[in-house]
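Q: Residue numbers (this note's numbering), protein chains in the order written: chain A, 1 to 161; chain B, 1 to 483; chain C, 1 to 366.
No lab work stands behind these hints, which were simulated from the structure alone. Please note that the accuracy of each hint is not assured.
Said to hold, decoys possible - Cβ-Cβ distance ranges computed for the label pairs, FRET-style:
{"no.": "1", "chain 1": "A", "residue 1": "ILE100", "chain 2": "C", "residue 2": "ARG336", "range": "46 to 56 angstroms"}
{"no.": "2", "chain 1": "C", "residue 1": "VAL249", "chain 2": "B", "residue 2": "ASP120", "range": "43 to 53 angstroms"}
{"no.": "3", "chain 1": "C", "residue 1": "LYS93", "chain 2": "A", "residue 2": "THR127", "range": "24 to 34 angstroms"}
Stated by the list, open to error - Straight-line distance between alpha carbons at most 16 angstroms, and here's what the computed EDC-like set of lysine to aspartate or glutamate pairs gives:
{"no.": "4", "chain 1": "B", "residue 1": "LYS92", "chain 2": "B", "residue 2": "GLU160"}
{"no.": "5", "chain 1": "C", "residue 1": "LYS346", "chain 2": "B", "residue 2": "GLU174"}
{"no.": "6", "chain 1": "B", "residue 1": "LYS349", "chain 2": "C", "residue 2": "ASP58"}
{"no.": "7", "chain 1": "B", "residue 1": "LYS431", "chain 2": "B", "residue 2": "GLU453"}
{"no.": "8", "chain 1": "B", "residue 1": "LYS27", "chain 2": "C", "residue 2": "ASP58"}
{"no.": "9", "chain 1": "B", "residue 1": "LYS111", "chain 2": "B", "residue 2": "GLU123"}
{"no.": "10", "chain 1": "B", "residue 1": "LYS20", "chain 2": "C", "residue 2": "ASP58"}
{"no.": "11", "chain 1": "B", "residue 1": "LYS257", "chain 2": "B", "residue 2": "GLU137"}
{"no.": "12", "chain 1": "B", "residue 1": "LYS459", "chain 2": "B", "residue 2": "ASP469"}
{"no.": "13", "chain 1": "B", "residue 1": "LYS349", "chain 2": "B", "residue 2": "ASP98"}
{"no.": "14", "chain 1": "B", "residue 1": "LYS92", "chain 2": "B", "residue 2": "GLU174"}
{"no.": "15", "chain 1": "C", "residue 1": "LYS163", "chain 2": "C", "residue 2": "ASP86"}
Said to hold, decoys possible - Take a look, some chain C residues computed to stay more than 12 angstroms from chain A by CB distance:
{"no.": "16", "residue": "THR83"}
{"no.": "17", "residue": "LEU90"}
{"no.": "18", "residue": "SER146"}
{"no.": "19", "residue": "PHE265"}
{"no.": "20", "residue": "GLU268"}
All C-beta atoms in this analysis are idealised placements derived from N, C-alpha and C, irrespective of residue type, glycine included.
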Amino acid sequence: MGENIFLMIAGLVIASAFWVVFSPNLIHSAVSLLFTLFGTAGLYVFLYADFIAATQVVIYVGGILVLIIFGVMLTNRIDTPSIAAGSANQFIGGIGAFAIFVMQIGVIFNTPWQIGNNQSRETTVDTIGKLLLNEYLLPFEIVSILLLAALMGAALLSRRN
Amino acid sequence: MSEYFNNIFYGVKSFLTGMKLTLSHFKNKKELVATLQYPHEKWPVPERNIGFDHAEYNLIRSRLHVDIDDCIACMQCEKACPVDCIKIDSIKPPKDSDFDCGMTSNDTQKKMIVSRFTIDMSECMYCNLCVFPCPEECIYMVGGPNASKHEIDYEFSQYERDGMIFEFADATDEQIKEAGGEKWIEQRDAKINKHEEGIKLEGEVKIAVPPPVTTPVKADESKPVSKTAVKDSGTGELEIKSFNSISDKMCRGIAKKTFTAAKRAGKDQTAMLSDIAQALSDMGKMTDEIQTILDGLPAPVAEHVTEPEIEQKEPESIPVAAESPTIFEMDLKDLNGIEDKMARGIAKKAFIAAKRAGEDKVEAVKNALEDAGKLDTASEALLSSFTAAYSDSENLDPKVESAGDEKPESGEQSQDLPLFDIKDLNSIDEKMARGMAKKIYTAGKRAEKSRSEVIRDIKAGLSDAGKLDSAIEELLNRLETGS
Amino acid sequence: MTSIFDSLQITFSGLNLDLMIVLPAIALMGGTVIFLLMAVNALVAVYFERKVSAFMQDRLGPMEVGILGFKGGKRFWGGIGQTLADAIKLLVKEDILPNDADRVLMILAPFIIFTGAFLTFIGLPFAENLVISDFNIGVFYIVAMSSVGVIGIILAGWSSNNKWSLYGAMRAAAQIISYEIPIGLSLLLVVLVAGSLNFGDIVQWQADNRWFIFHSPFSFLAFFIFFISIVAETNRTPFDIPEAESELVAGWMTEYSGFRWALFFLSEYANMLIVSIVASTVFLGGWLSPLQMFNVLPEAWLFLDGPTLGLFWVFLKAIILIFVMMWFRWTFPRLRVDQLMYLCWKVFIPFGLANLFFISLWELLF
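Kindly generate the complete structure, drawing on both the sequences and the hints.
A: What follows is the structure, given as structure tokens:
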């Protein structure tokens, strides 16, 4: 049962990821990205990482995807119904992509995967919180400062003059 | 910085103020509801002139009405109609039969009965041409100058198109047959059958075959005169024929008309007589002779009638009080007596609200006027007259009974009579005297004085002010005797 | 707290059925229940809204349509069949797609919005042990799922190929994303105090201590920030600039009709119910009875406090909150865009952050 659902979700992720790349319409790409991201959240659930799954939805679907669609809409002539996705340098790009693909396949097959058993549905939020605020406090704060700098930079850039 | 917090404070404050306002409206929905549930509730027509003379203004805002009891089937209106929207069928009883077609209110003996009188108001063009030739003045546009005969029907909307065809004839099949109209009924039925067969053949499903359309006149319309006339007139009831003893023709006409109007309005005999007397005196036709006739009229009737009347009233009065309080309670139209336009509007609104909420209407209207600062003595007197009428209706049963018991024994009528209506004082011509009389009346009523005491007070007050002339005195005397 | 899903699974596992059959069957049952709840909620809420608005404007509202000849009373229940008739009318209406619209996305968009509302219901507690599936991250799950709707709104606005729709969608997206922050900050305050994201734990904390709204001045303030923000999040007046009918016709819904417009409507009223239930669960004690606070009940009446009436209390609180939202709607005029943003970024977010700081101090001190 669980395996079937996993296969369905994984299939959805891959199919919509393909459509993100090959769709002739940028908005359609963005919409299929929605399914990719949502499917990924589903995969996190399979790993009993419910907090990460919900975060995935909040940040990627609710935030970044909206940002992408906004960007696409505002940088094109939005009153035309189809925003075309063009492609250039297909040969070089194809080679690069294929190289990365081979590399990833290699990594996947050469990694000694730890296959867990009898995982329980314990809450992960406590652990994440404690780790973030104790052991990994410095990286956490550095990321915060980075984001703050980005925010201020954006505000500065978007100001006239 | 302080501006920022001031802004927030001001925002919260105005937020709460707004919420309070809408909540108060939400809570007071009973009194404040402004919409009218139109087909179920209706405003009265504003009695405003719309730019025409009073005599003709209602033509374009009303419809034709026929007092079928007065129709002598002369066909004048049918001939006059330029668009042929009037259709009259009549049946003349054979010469040797003793079928009585009845009398009109103008004292004309009718010679035929009207079996059909239809007016198609969807075709009518409101030219008023049918009204002038009528010798009995029985076809007229409702409302306006004819409002006393029939109130205005300004909307006259119908749910189906057939509703625009008004049927005024009210002769029953039996009457038509009796008058020798079998042939006419046969023809009519054949027509209906043919129509229905045609529908069957066509396969068309009709929603409802229009029944012989009844006139949408007021429900409490009296029995047709012709029917009472057919009956023997020995019942002792006041009848239109009773006025035949008045010799002067015009007076007779006036008396009869007033009688018919009063009968329609469902008034009782004493009220009718006082109406007639008032109408006559208004016209300046009141003579001693007529006065004696009128005074004499209820007298033979009184002994005869009081007994059955009590019996009739007792079972009636209970449903009357419970269901249709329109007779005694204040009606919306009664508020038209308020002269100030704005005050009238306020009063009407308050009245409707109170009616909805089932509260005491008089009290509500009074309060509303007081709030608006529009409560003057005239309107207060008007309103308090309704409280009086209302309390009268509550005490109706014992009073009628006691009147019935005591009348034959003691001759003192005036002691037991209920307090008269303040409207009766309206026939005082002079404005100041009227106002004064009404004031004294209201004061007396508050003190729960009896009728004779109140009248004595009024007389005293008026003579003190030097306003008591013979006309007022006569009126007051009449009021005291209760005629 | 055991969820319906778990208890059903336990019940069915006694029957020795294949899990392949049981799980979809349970999911189907849950889905049907949620859908019915959404439909009934929309019918009742629309009627409620029309009556409330009517009474606040000194009208009577719908008064003519009854159900099977039963026409209700003279005031509140006067037109009780009206919304049912409206729903039937909507379903049989022609479904119009504009010529130059993006057909796929235009058909897809209402379903995305609807799915967002639908998924939210899965984690929503209606009473103790009455939740379709009890997540450890309950509150966070609700926040996550309600953010899915934004995508649907943007897609609906863009795919209609209509400038009103597009403007409406832009405004909606900006507004919803902005107001998610004060919502998150207010919820964070509760999570900080209760120490859990789970609805059951949060309500348990309130049962052990006191309702959150009465916990401290800061949580009292947080409730109002939260409540006003969820009004904005559901695009209701006075925050209805995305659909502002006087300027944008109907915002992103302009080009929709018939069944798909009904889906928008359904989701909108479902969202109202969701946020009200969340507010009542998190701040107002959820399925705890308000009588519990006073301890005045005699022994025999204690069933009022118990779990039997949990559903009643949750819905009572939610309905009161929904009434207040309607009350807002018929009281205030629409905000300008800049006022809307001012309120969010310059009032609610600073106050929310300060709140978070002070509640931490409060927790340390007391």
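Q: Are any of the numbered hints broken by this structure? If so, which, sorted upward?
A: Checked against the structure, the hints that fail are numbers 3, 4, 5, 7, 9, 13, 15, 18, while the rest are satisfied.
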